[in-house]
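J.: Construct the complete structure from the given sequences, taking the supplied hints into account.
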Amino acid sequence: MPLSELRTLALTALIGTAGALIAILIAFPAPYLIGPAIAITIAGLAGLNLAVPAQVRNVCFIVVGVSMGATVTPEVIVAARTWPLSFVMVLVAVVILLYASSWVLQRFFHYDRITALLASSPGHLSYVLSLAAETRCDLRAVSVGQSVRVLALTITVPLIVEIFDLVGNEPVLVPLAMSTPVLLAMLAVSALFGLLFIRWNFPAALLLGGVVVSIATHVTGFVSGGVPDWLLVPTYVILGSVIGTRFCGVSITDLRTAFVAGGVVTVVVIVLAAAIAGGVSYLTGVPLDAALIAFAPGGLETMSAMAVMLHADPTYVGAHHVLRLMFLSVLMPIVLGKDARQR
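For the sequence shown, full-length UniProt numbering gives the first residue as 1, with consecutive numbering after it.
In short, the hints are calculated from the structure, not lab data.
Treat the hints with care, as some may be off.
As the list claims (entries may be wrong) - Here are the simulated distance ranges between beta carbons:
1) Gly221 <-> Thr257: 50 to 58 Å
2) Val260 <-> Leu159: 50 to 58 Å
3) Val260 <-> Asn201: 29 to 37 Å
4) Ala275 <-> Leu3: 45 to 53 Å
5) Ala54 <-> Thr257: 28 to 36 Å
6) Thr180 <-> Gln106: 50 to 58 Å
7) Pro2 <-> Val92: 41 to 49 Å
8) Gly279 <-> Ala27: 25 to 33 Å
9) Thr253 <-> Ala10: 41 to 49 Å
10) Gly279 <-> Gly249: 36 to 44 Å
We put the beta carbon where it would ideally sit given N, CA and C, even for glycine.
T.: As structure tokens, then:
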């Protein structure tokens with residue numbers, strides 16, 4: 001890694017850590033994610049050049065995946081029998097959120113149809129931006145709108161859970177942390193599976209690699225224990241920082257319209273997703289905190305980490321976000337295809 005990247009990473013980590021400490025002092029929920037996200041966003045809009053190298057970000061995804069899988073027990077597998085209706089509602093929610101947000105952007109902000117659809121996609125940021133780059137749309141409006149959604153959901157979801165006292169009463173506990181040799185072996189094997197999933201074009205491939213390896217070893221009893229805090233806490237701080245860096249290098253003037261549009265759409269998305277999550281929780285008996293995080297169209301890695309931090313069921317949350325991303329991978333080209341060719 002070049003020296004310039006190391007310096008940028010060090011500055012980003014320093015600001016992100018300061019944000020986390022402030023969030024802890026003012027008792028924010030999920031402070032290791034929210035604090036860095038807000039601090040880095042402010043610093044980036046102020047003109048600082050902040051970034052997290054892809055290699056570091058990818059390691060964080062693997063760590064979160066291993067942490068998620070460590071909570072899976074045979075009892076969790078039994079409980080999954082109540083999830084089929086919830087999985088179906090994920091697909092319904094994606095369609096509702098996509099078209100409701102698109103209508104708002106076209107009706108009130110005069111976005112063209114393609115830009116509105118891409119800016120409204122409830123997730124899969126990197127995939128959506130790749131599609132945007134291949135079509136004639138307002139790429140900045142799409143990227144800003146999507147980034148506002150991720151940042152706003154990172155901040156608001158834990159606040160909603162906290163304000164309405166939805167935090168799980170029984171923390172997801174793992175008796176002991178994995179020993180260092182076992183942890184390193186787990187991360188190495190997870191990385192190999194992640195690379196395999198990348199070749200197969202799976203969404204969030206590295207995180208899935210960690211989840212698959214961790215679940216397989218924990219369910220069978222081959223491995224016990226979770227990711228130690230000395231690794232997990234810095235991982236959360238880095239993930240929060242990654243979210244904030246999406247606003248670096250963009251002026252406030254250029255952001256104004258796109259930021260307002262993204263904010264309005266995010267409110268619409270949060271209200272609709274919360275309503276759907278509430279219905280699913282009522283019908284299936286899934287705890288409301290887990291349903292809210294599972295149906296919030298934020299980043300898979302961020303929402304999965306948040307589930308662990310807020311003591312929601314990370315397996316339930318992760319499964320629903322993976323399904324959402326896979327569905328979007330198929331849905332978006334179909335939705336855009338005809339209109340894109342007409343431009």
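J.: Run every hint past the structure and note whether it holds.
T.: Hints, one by one, checked against the model:
1. Gly221 <-> Thr257: 50 to 58 Å: 55 Å, holds
2. Val260 <-> Leu159: 50 to 58 Å: 21 Å, violated
3. Val260 <-> Asn201: 29 to 37 Å: 35 Å, holds
4. Ala275 <-> Leu3: 45 to 53 Å: 50 Å, holds
5. Ala54 <-> Thr257: 28 to 36 Å: 30 Å, holds
6. Thr180 <-> Gln106: 50 to 58 Å: Because 54 Å falls inside the window, the suggested range holds.
7. Pro2 <-> Val92: 41 to 49 Å: Once the Cβ atoms are compared, 46 Å apart, the range 41 to 49 Å for Val92 and Pro2 holds.
8. Gly279 <-> Ala27: 25 to 33 Å: 31 Å, holds
9. Thr253 <-> Ala10: 41 to 49 Å: Given a distance of about 30 Å, which is not inside 41 to 49 Å, the answer is violated.
10. Gly279 <-> Gly249: 36 to 44 Å: Holds: the Cβ-Cβ distance is about 41 Å, inside 36 to 44 Å.
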